[in-house]
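Residue strings, one per chain:
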Amino acid sequence: MANADSNHASIGAVVAGFGLSLVLTALSFASVMSGLVPRDQQLTAIVVLAVLQLLAQLVFFLHLGTAPEQRNTTVIFILTTLLIATVVSGSLWVMHNANANMTPMQMSVEMAKSRE
Amino acid sequence: MNMSIQMQDLGVDHLPSVDHAEHHEHDAGKRTVLGFWIYLMSDCLIFASLFATFAVLVGNTAGGQTGKELFDLPCVAGETLLLLLSSFTFGIAHIAMQRQQRGSTVGWLIATFVIGLGFIAMEVHEFAGLIAEGAGPSRSAFLSAYFTLVGTHGLHVTAGLIWLTVMIHQTLRFGLDGMVLRRLACLSLFWHFLDLVWICVFTFVYLREAI
Chain A
1 MANADSNHAS IGAVVAGFGL SLVLTALSFA SVMSGLVPRD QQLTAIVVLA
51 VLQLLAQLVF FLHLGTAPEQ RNTTVIFILT TLLIATVVSG SLWVMHNANA
101 NMTPMQMSVE MAKSRE
Chain B
1 MNMSIQMQDL GVDHLPSVDH AEHHEHDAGK RTVLGFWIYL MSDCLIFASL
51 FATFAVLVGN TAGGQTGKEL FDLPCVAGET LLLLLSSFTF GIAHIAMQRQ
101 QRGSTVGWLI ATFVIGLGFI AMEVHEFAGL IAEGAGPSRS AFLSAYFTLV
151 GTHGLHVTAG LIWLTVMIHQ TLRFGLDGMV LRRLACLSLF WHFLDLVWIC
201 VFTFVYLREA I
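Protein chains in written order, with this note's numbering: chain A, 1 to 116; chain B, 1 to 211.
The following block holds chain A by itself, in its conformation from the complex (with noise of 0.2 Å):
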């Protein structure tokens, strides 16, 4: 009765989870905020240590892996992340070919709002 889920977690887990996203958000905030990273790096460094900090989150603290409990919510995970790197970058791949491709408006935000 005691389980209604079959995880059972350990202290060791939450604390390791807890420690690795400590250090990996001070790392994400010391590179942009120090200045210490060249600035064309940041954006990479930021991205690396956020994905980094999600496979740790959902490892210690969602419990996503391969024991065969666990496989159910990681393939339906994979497939939500498929789902969403499609709606993302196919997103940003229209509205940038569409910004892109759009007629020219040789009009300032002052002038359209004085033809009012």
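Since no wrong hints were added, every one of them can be taken at face value.
Simulated crosslink set (SDA-like; lysine to any residue; CA at most 25 Å straight-line):
(1) A:K113 to B:A132
(2) B:K68 to A:E110
(3) B:K30 to A:P68
(4) B:K68 to A:M33
No lab work stands behind these hints: they were computed from the structure.
Add chain B to chain A, keeping to what the hints say.
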């Protein structure tokens, strides 16, 4: 549920059927958690479309202030720390509940609630500051997208806080029985999931804008 209780009342004579009933309930609990996981993944898609919208509109400031000028990174770091800490306290509560320690579970859930409330307070303060500066959601497409994305996350956390109070009450009222454990397992997933979304928020909204 009622079935299994009745069958347990029948006692030792019917041990095989009791096992059978418990097995069924165990499966039902697993199915509930899996179903909740599928809901969370659909919620993920909502956030994905809001992130995509934000990414498309981020440059459209209509001559107003950009994120670099508006966002206060130390404040965001504070919010991040609070949410992470609340994820940690919920993790500890999860362990206490698996060990059937009712008092400790309630204690850690209350800690999670207080820290979560702190996060919401900081966010409301941040939003109020922006609106007072004249950078409300109606100022530009960038700010509309920003308030929708971060506000949706904030509403989720608020819903999580309401759910937390309900579960604290149910734990005290009913104890850590199968039903309460199942609901707490779902809430645990929900709470950790919100922390995952926040990682994307502070990376792709706040830090990316500050570069």
